[in-house]
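So the protein sequences, as listed, match chains A and B.
The first sequence stops at residue 268 when you use the working numbering, and every number in between is there.
The second sequence stops at residue 159 when you use the working numbering, and every number in between is there.
In short, the hints are calculated from the structure, not lab data.
Since we're looking at a predicted model, the values are computed, not measured.
Do not take every clue at face value.
[To be verified] Here are the simulated lysine-lysine pairs, DSS-like style, with alpha carbons at most 30 Å apart:
# : chain 1 : residue 1 : chain 2 : residue 2
1 : A       : K21       : A       : K53
2 : A       : K42       : B       : K133
3 : A       : K21       : B       : K133
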Amino acid sequence: MSHRTPDWMLERIALGELPPKELAAARARLASEPGGLERLAKLEADDGATLAKLPPSQVAAEVARRRRVVEASRSVEARSTSRGWLPAVALGAPVAAGLALMMFFSREELPERTRPEEVALLETTRTKGLEPKLLIHRQTRGEPEPLADAARARPGDVLQLSYVSAGRPYGAVLSVDGRGSVTLHYPESLTGSLALAGGTVSLSSAYELDDAPLFERFFFVTSTEPFDLNALMDAARQLARSPEDARRAPLSLPESLSQSSLTLEKSP
Amino acid sequence: MAIDVEACYRRYGPMVLRRCRFLLRDEERAVDAMHDVFVQLLDHQEALTQTAPSSLLHRMATNVCLNRMRSERRRPADADEELLVRIASLEDLEARTGASAVLDRLFGREQVSTRTIAVLHLVDGMTYEEVAKEVGLSVSGVRKRLRTLRSHLQELEAA
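Next up, chain B with everything else stripped away, as it sits in the complex (with noise of 0.2 Å):
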C-alpha cells in the first residue's frame, strides 16, 4: 500500500503528534518522535493494509517513544511519567520470559511489544478487551502479558 506522506500526515499528523507530547512531555522531542513515526510508516508501506490506520500509528507512536525514553534515561517528573519511565526501560520482557515463543506459535505473528500493551492498558485505561482488538491477540493472551509484566513490576499490580 503505497503512503502519501503528506496526505496522511494531514490527516494523522495532529493525533501523532499529540501521543508523542503526551508520552515524551516535550514538543521539540515530540515533533522529532512525529517524524520518526512516519518514516517508519514508510518503512512498512509494502506491508501496510489498513485503510484507517489511525490505531497502527498510535501504536507506532508509542512504540517510538517508548524507546526515546529508553535510550535517554530521563529523570520522571512525576507519578505518572515515572510509570511510563519504568515500563519504557523494562527490558526485552519477550526474550527474557519466553513469552514471544508461546504467542508466536499460538498465533503465528509478530509480535507487539508488552511494553506498548502495558502502556495501552495502564496509562490509557484501555480494558483488557479494548487491548486486545487494538493489538490483535485474545483477552487472554493479553492478560497473560500482563501477568509477565507485573512480575517485572510489582505495582502494577494496584493498578
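Isolated chain A, as found in the complex (with noise of 0.2 Å):
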C-alpha cells in the first residue's frame, strides 16, 4: 500500500476535522512528502472554483426544489393512504372495503403520468441499508439457496421465509400472487400477534410455492406500533387486484408503516 497521504485523509486535513493530536501528525506526514503540500493547495483551489462555479445560493436552491418534489410525493401518498387506512382501522372490514374503493377510484383521478414517477422517486430515495429486509431461502437438497429479487422459481418450490426486524418491534410477512391471492405468512393467523424478534428470524413453517402464474411478490410491513392487520390485508387484497400494480407497486399504507418486498418470477 502506497505511504502517500490518501486522497480521504488530504479532505480531513483541509477541513482540519481529525483529532489535534491525528491532525498535527498528518499535517507533518503530508509537509514532508514530495508534493504534498502543493496537494492541499490544489484542493483548495478547487474548493473555490467549485464554489465559484455553483454558489451556495444556487445548490441550496436546487436541494430545496428536489427535497420538495420528494415531500409532495410522501405528501400524495400519505393523502391517498390516509384516505383509505386510517379510517378502515376504526371502521371494520365491511366499512373499509367500500373505503377501499373509494380509494381505488380517487387514485384513479390522479393525473396518470404522474403516479409511476411517485413510485419511482420514492424507491429512489429511501436510505439503502436501512431498511427491515425480508429473506427467502430455497430448500434444495443441499445447502438453502438464497433467493434475490427477480429470481427465477416454480411451483412446488418450498422457501423458508426469515425477517430481520433491523428494530422495529411490529411487523407481519404477507404475498400476493399472479392470481390475486393474497396470503399471510406472519403471524400465523390474523389474531396473531404482531411482535418481531431481533436478529435474522425464520418463519416457523416453511411455505410451498402453487401453481399461480407470472410471479409471488412477498410484502415485510414494520412498524414501531401495533396496527391493524385486517387493514393491511385489505389494502394487499387492492393491490392484488392489478397484476401489474401487485408486481410493481407499493402497498398504500400510512406513513408510520414501513414496506419492503422481494418479488419471484415464476417459471411453469
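Take each chain as given, in its own frame, and dock them per the hints.
And the structure:
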C-alpha cells in the first residue's frame, strides 16, 4: 500500500476534522511528502473553483427544490393512504371495503403520468441498508439457496422466509400472487401477535409455491407500534386486483408503516 | 440537528463533489449526485448528532454513487472503474448472507453497507482499523464483512 497521504485523509486535513494530535501528525506527514503541500493547495483551489461555479445559494435552491419534490410525493401518498387506511382501522372490514373502493377511484383521478414517477422517486430516495429486510431461501437437498429479488421460482418450490426487523418491534409478512391471492405468512393468523424478534428470524413453517402464474411477491411491513392486520390485508387485496400493480407498486399504507418487498418470477 | 444547507455546502460541498467525481467519473453525473447527497443529509437531519460530518458525508456520497452505478450498469472504462462497478453491482450481500443479523445483534445498530466498506478499503486504501473507525464497527466486524465479500469477488483476495 502506498505511503502517500490518501485523498480521503487530505480532505480531512483540509477541513481540520481530525482529533488535534492526529491532525498535527497528518499535516507533518503531508509536509514531508514530495508534492504534499502542493496537493493541499490544489485541493483548496478546487474548493474555490467549485464554489464559484456552483454558488451556495444556487445549490441550496436546487436541494430545496429536490426535497420539495420528494415531500410532495410523500404527501400525495400519505393523502391517498389516509383516506383508505385510517378509517378502515376504526370502522372495520365492511366499511373498509367501501372506503377502499373510494380510494381506488380517487387514485384513478390522479394524473396518470405522475403516479409511476412518484413511486420511482420514493423508491430511489430511501436510504439503502437502513430498512428491515425479508430473506427467502429455497430448500434444496444441499445448502438452502438464497433467492434475490426477481429470482426464478417454480410451483412446488419450498421456501423458508426469514426477516431482519432492524429494530422495528412490530411487523407482518404476506404475499400476493399473479392470481390475485393474498397469503398471510406472519403472524400465523389474523389474531396472532405482530411482535418481531431481533436478529434474523425464520418463520416457523416453510411455504410451498403453488401454481399461480407470473410471480409471487412477498411484503414485509413493519412499524414502531401495533397496527391493524385486517386493514393491511385489505390493502394487499386491493393491490392484488391488478397484476401489474401487484408486481411493482407499493402497498397503500400510512407513513407510520414501512414496507419492503421481494418478488419471485414464476416459471411453469 | 437542523442543517443550514448553504453553510454546509460551502464547507463540505467541494469535498462531496470531488468524491462523486472520483467515483462517477463524469462531471454532470457527479454534480447531480452531489445535490442528492445534500437532499439525503436533510432527510436525516433529525437523527444527526455529529458536529464534524465530513466522514458521514464521505460515506453518504459513496453510497449515493454506488447506487447510481448499480442502476446505470455502465461499461467500466478501466480496471479501477471495473472494480467499483463490480462492487456497486453486488446484490444485497447482507440479505444474502445473513451477516446483517449477526452484526445487528452484536452492535445493536443500523448497518453501513458492505459495498461502502469495500470501497473504503479496496478503493480508498483505508486500513481495517481506519475503516472500522470510519463506520463505527470493530476491526473484526470489518474483516468479517470483507471476508464475506471476497467470496463474491474472488480477485479481491489479492487486493
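Right, here's what the structure says about each hint:
| no. | hint | verdict |
| --- | --- | --- |
| 1 | K21/A / K53/A | 35 Å, violated |
| 2 | K42/A / K133/B | 27 Å, holds |
| 3 | K21/A / K133/B | 16 Å, holds |
When held up to the earlier numbered hints, the structure conflicts with hint 1 and nothing else.
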